[in-house]
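Trainee: Sequence:
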Amino acid sequence: MRRFLVTHWMLPLAILVWAAFTITASIQQEPIKAALGLGALACACGLTWHFWKGYTAKAPSRAAPLQAAPVQRDSEGYWTHPAHPAFREGQEAEAAAWSHVQQLQTHIAYLESEAEDHPAAVAYWGDSGDSNISAWEPPRPEGEGWFVLSIHDTEYWGPVCIWVRRNGQPQGDA
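Numbered continuously in my numbering, the sequence shown closes out at residue 329.
In case anyone wonders, no lab produced these hints; they're calculated from the structure.
It should be emphasised that the depicted structure is a prediction, and the values quoted were computed from it without experimental measurement.
A virtual CB, placed ideally from N, CA and C, is assigned to each residue, including glycine.
A couple of the hints might just be wrong.
Claimed, not checked - For each label pair, taking beta carbons as the anchor points, the in silico distance ranges come out as:
#, residue 1, residue 2, range
1, Tyr311, Thr235, 16 to 22 Å
2, Glu292, Pro167, 56 to 62 Å
3, Gln246, Leu171, 34 to 40 Å
4, Phe242, Gly300, 20 to 26 Å
5, Thr235, Pro167, 40 to 46 Å
6, Thr179, Pro220, 50 to 56 Å
Work out the full structure, taking the sequences as your base and the hints as a guide.
Mentor: Here it is as structure tokens:
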């Protein structure tokens, strides 16, 4: 609320000014000025309500903390956590806000980091152009609390596995 008032201070001030104007015009028995003041007061209240709704809609949600889920990869070897929102291209800010609210630390494992003769790498980048990465078991990062958020294909890096854990987990021995 305080933050809203700091950034939108003119709206509550307009409500006070128009309320005072309307009351003064009514006391002085000037019905036209009182009606104008009442109309302006209604507009100021409406604008304040509109901006307040927009302000509260942008506030971070108090979503339930993301928990590990059983990884059930599809026939091609891909999987996404069922509680992961489906962000679209151009929604980087929303994705970052979700990750911040969830207090997640991320680690990305890349199929391209595997040995050249790894079966999934051979199938994916070989002559067959097979997108099946079922043979790939992404390496778990060191430390405790890691779980898979997504195993998916990317345009630039190929298949990746996104591991996540809560911020503040032990870092491991590395």
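Trainee: Could you run down the list of hints and mark each one as holding or not?
Mentor: Verification of the supplied hints:
1. Tyr311 / Thr235: 16 to 22 Å: Cβ of Tyr311 to Cβ of Thr235: about 19 Å, so the range 16 to 22 Å holds.
2. Glu292 / Pro167: 56 to 62 Å: 58 Å, holds
3. Gln246 / Leu171: 34 to 40 Å: 39 Å, holds
4. Phe242 / Gly300: 20 to 26 Å: Holds: the Cβ-Cβ distance is about 23 Å, inside 20 to 26 Å.
5. Thr235 / Pro167: 40 to 46 Å: Holds - the Cβ-Cβ distance for Thr235 and Pro167, about 44 Å, lies within 40 to 46 Å.
6. Thr179 / Pro220: 50 to 56 Å: 54 Å, holds
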